[in-house]
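> In order, the protein sequence lines correspond to chains A and B.
Each residue of the first sequence is one higher than the last, beginning at 1 in the numbering used here.
Each residue of the second sequence is one higher than the last, beginning at 1 in the numbering used here.
What the hints contain is simulated information worked out from the structure, not anything from laboratory work.
Hints may contain errors.
Repeated chains share a single entry, so a pair holds when one copy, or any two copies, can fit it.
[Claimed, not checked] Simulated pairs of lysine to any residue, SDA-like, Cα-Cα distance not exceeding 25 Å:
| hint | residue 1 | residue 2 |
| --- | --- | --- |
| 1 | K27 | G122 |
| 2 | K20 | V43 |
| 3 | K62 | G137 |
| 4 | K163 | T150 |
| 5 | K163 | I52 |
| 6 | K20 | E41 |
| 7 | K62 | R199 |
| 8 | K20 | G181 |
| 9 | K62 | T150 |
| 10 | K27 | N16 |
| 11 | K27 | L75 |
| 12 | K163 | G193 |
| 13 | K141 | D119 |
| 14 | K163 | E142 |
| 15 | K170 | A46 |
| 16 | K20 | N49 |
| 17 | K163 | G153 |
| 18 | K20 | L36 |
| 19 | K20 | K93 |
| 20 | K141 | E12 |
| 21 | K141 | N49 |
| 22 | K20 | G137 |
| 23 | K27 | G181 |
| 24 | K20 | R53 |
| 25 | K93 | H35 |
| 26 | K170 | N198 |
| 27 | K20 | R105 |
| 28 | K170 | P149 |
| 29 | K141 | H59 |
| 30 | K27 | P79 |
There are 2 protein chains.
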Amino acid sequence: MDFQPFASPLLENAVNEFAKLPGIGRKTALRLVLHLLRQEESVSEAFGNAIIRLRREVHYCKVCHNISDSEICPLCSDPSRDDTTICVVENIKEVMVIENTRQYRGLYHVLGGIISPMDGIGPSDIEIESLVGRVAGGGIKEVILALSPTMEGDTTNFYIFRKLAPYGVKVSILARGVSIGDELEYTDEVTLGRSILNRLPFDETFRS
Amino acid sequence: MDFQPFASPLLENAVNEFAKLPGIGRKTALRLVLHLLRQEESVSEAFGNAIIRLRREVHYCKVCHNISDSEICPLCSDPSRDDTTICVVENIKEVMVIENTRQYRGLYHVLGGIISPMDGIGPSDIEIESLVGRVAGGGIKEVILALSPTMEGDTTNFYIFRKLAPYGVKVSILARGVSIGDELEYTDEVTLGRSILNRLPFDETFRS
Chain A
1 MDFQPFASPL LENAVNEFAK LPGIGRKTAL RLVLHLLRQE ESVSEAFGNA
51 IIRLRREVHY CKVCHNISDS EICPLCSDPS RDDTTICVVE NIKEVMVIEN
101 TRQYRGLYHV LGGIISPMDG IGPSDIEIES LVGRVAGGGI KEVILALSPT
151 MEGDTTNFYI FRKLAPYGVK VSILARGVSI GDELEYTDEV TLGRSILNRL
201 PFDETFRS
Chain B
1 MDFQPFASPL LENAVNEFAK LPGIGRKTAL RLVLHLLRQE ESVSEAFGNA
51 IIRLRREVHY CKVCHNISDS EICPLCSDPS RDDTTICVVE NIKEVMVIEN
101 TRQYRGLYHV LGGIISPMDG IGPSDIEIES LVGRVAGGGI KEVILALSPT
151 MEGDTTNFYI FRKLAPYGVK VSILARGVSI GDELEYTDEV TLGRSILNRL
201 PFDETFRS
């Protein structure tokens, strides 16, 4: 939809800003803006301020680089968590996903990306040095690599594995196998092949 | 996706605000917020301010109730437009759609809704009185009713038609018929029936 010059510049500006977001086109942007216009002024004030404050006031944890409102995030400063295990993830979104499984009680390390020569991202662009620093500092027994099972993820896993080798720490990766609820018939061969190679004793599958 | 209490309240607040928008769920909201977090601070400042300013500074034209940055909108104050014709629409979005056709050079009147007893919207809740006032003021030759062809639209059309009857102004509605590009085979019977009843002389279809 084109916008004629008559349209309010304020409206046009708001539509343009919405349309910059990923997955939001101009039609959706206009729909959202018209929705906000119909609401009380307090609604758009709250929305606008939440966005401005988010970016202005947000911190990243100095230890694990997770998002935080303070210098050290609540996860790193929680004494009830297992501080001998670090789970390495690509982004803060994966921290939330793993926390939601309620299966992990250790700490995290957010890389802020993965090694991807195609995108010009090398080891020094992500938080690998600080991970090595944490392990070198002692007290860590296991590092769990929880990156996506892609070529970039595997490259990053291998790089970290080599970097951590001198410290004698246990390095593990997420199990790869058939997804729960999947039909075996439609599972890809590589995944199925790995799940046969890494088959588990049946009684172990009852461990929580 | 649940949010554990550890997540940054700033993040949670921004996600909640996004998720209030129509058609945006919590997963999409989180994706948009994480996108904004990755941008420069200036990006989220511009976005937030555009939204706050929009609602705070926007005006509605005193004459036609279209959105405007001034008291009288650029359409109403444009001397090149035909000020003897008023096109009645439900919302400002329809003004944009009709302007984009470039087939109309008259003025508008934005009702801000249509009569809908189911939603508790009566004639006094929308800008019908001010439309009657404009017609009563004289100088108007034709009022074009451009509401959606729904039951509520037809009810509103009929109500306005009756209200304008004393002023001897020509009242017309948008032609209803088969859409250009539609397959006749799949056109609904009511539309097809109307388009037969209101068939046009073939040479008239070349006008304008």
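> For every hint, state whether the structure bears it out.
Hints, verified against the model:
1. In this assembly of identical chains, K27 and G122 lie within 25 Å of each other by CA distance neither inside one copy nor across copies; the values are 38 Å within and 29 Å between.
2. Taking the closest pair of Cα atoms, K20 and V43 come within 25 Å of each other both inside a single copy (21 Å) and across two copies (10 Å).
3. For a Cα distance limit of 25 Å, the shortest separation of K62 from G137 inside one copy, 15 Å, qualifies, whereas the shortest one across copies, 69 Å, does not.
4. Taking the closest pair of Cα atoms, K163 and T150 come within 25 Å of each other only inside a single copy of the chain (20 Å); across copies the shortest separation is 68 Å, beyond that limit.
5. In the homo-oligomer, the alpha carbons of K163 and I52 never lie at most 25 Å apart, since the shortest distance is 38 Å inside one protomer and 48 Å across protomers.
6. Taking identical chains as interchangeable, the C-alpha atoms of K20 and E41 lie at most 25 Å apart whether they share a chain (23 Å) or sit on different chains (15 Å).
7. For the homomeric pair K62 and R199, neither the shortest alpha-carbon distance inside one copy (39 Å) nor that between copies (74 Å) is at most 25 Å.
8. Taking identical chains as interchangeable, the C-alpha atoms of K20 and G181 are never at most 25 Å apart, the minima being 37 Å within one chain and 32 Å between chains.
9. Within a single copy, K62 and T150 get their C-alpha atoms no closer than 28 Å, and across copies no closer than 59 Å, so neither meets the 25 Å cut-off.
10. Proximity of K27 and N16 under a CA criterion of 25 Å is satisfied in both settings, with 11 Å inside one chain copy and 22 Å between copies.
11. Proximity of K27 and L75 under a CA criterion of 25 Å is satisfied inter-copy only: 22 Å between copies versus 40 Å inside one chain copy.
12. In this assembly of identical chains, K163 and G193 lie within 25 Å of each other by CA distance neither inside one copy nor across copies; the values are 29 Å within and 76 Å between.
13. Taking the shortest Cα distances, K141 and D119 never come within 25 Å of each other, neither inside one copy (33 Å) nor across copies (63 Å).
14. In this assembly of identical chains, the alpha carbons of K163 and E142 lie at most 25 Å apart only when taken from the same copy (14 Å versus 79 Å across copies).
15. In this assembly of identical chains, the alpha carbons of K170 and A46 never lie at most 25 Å apart, being 47 Å within a copy and 46 Å across copies at closest.
16. With identical chains, the CA atoms of K20 and N49 are at most 25 Å apart both within one copy (18 Å) and between copies (14 Å).
17. Proximity of K163 to G153 under the C-alpha cut-off of 25 Å is restricted to the intra-copy arrangement: shortest distance 15 Å within a copy versus 69 Å between copies.
18. Taking the shortest alpha-carbon separations for K20 and L36, both the intra-copy value of 17 Å and the inter-copy value of 10 Å come in at or below 25 Å.
19. In the homo-oligomer, the alpha carbons of K20 and K93 lie at most 25 Å apart both inside one protomer (21 Å) and across protomers (20 Å), since each shortest distance falls under that limit.
20. Taking the shortest alpha-carbon separations for K141 and E12, neither the intra-copy value of 55 Å nor the inter-copy value of 32 Å comes in at or below 25 Å.
21. Proximity of K141 to N49 under the C-alpha cut-off of 25 Å is found in neither arrangement, the shortest distances being 43 Å within a copy and 48 Å between copies.
22. With identical chains, the CA atoms of K20 and G137 are never at most 25 Å apart, being 43 Å at best within one copy and 45 Å at best between copies.
23. Taking the shortest alpha-carbon separations for K27 and G181, only the inter-copy value of 22 Å comes in at or below 25 Å, while the best intra-copy value is 37 Å.
24. Both within a single protomer and between protomers do K20 and R53 lie at most 25 Å apart by alpha-carbon distance, with minima of 19 Å and 18 Å respectively.
25. In this assembly of identical chains, K93 and H35 lie within 25 Å of each other by CA distance solely across copies; the values are 11 Å between and 28 Å within a copy.
26. For the homomeric pair K170 and N198, the shortest alpha-carbon distance inside one copy (18 Å) is at most 25 Å, but the shortest distance between copies (81 Å) is not.
27. In this assembly of identical chains, the alpha carbons of K20 and R105 never lie at most 25 Å apart, being 38 Å within a copy and 32 Å across copies at closest.
28. When the C-alpha separation of K170 and P149 is checked against a cutoff of 25 Å, the pair qualifies only within one copy, where the shortest distance is 20 Å, while the shortest distance between copies is 69 Å.
29. Within a single copy, K141 and H59 get their C-alpha atoms no closer than 28 Å, and across copies no closer than 63 Å, so neither meets the 25 Å cut-off.
30. Proximity of K27 to P79 under the C-alpha cut-off of 25 Å is found in neither arrangement, the shortest distances being 49 Å within a copy and 30 Å between copies.
Taken one by one, the earlier hints fail for this structure at numbers 1, 5, 7, 8, 9, 12, 13, 15, 20, 21, 22, 27, 29 and 30, listed in ascending order.
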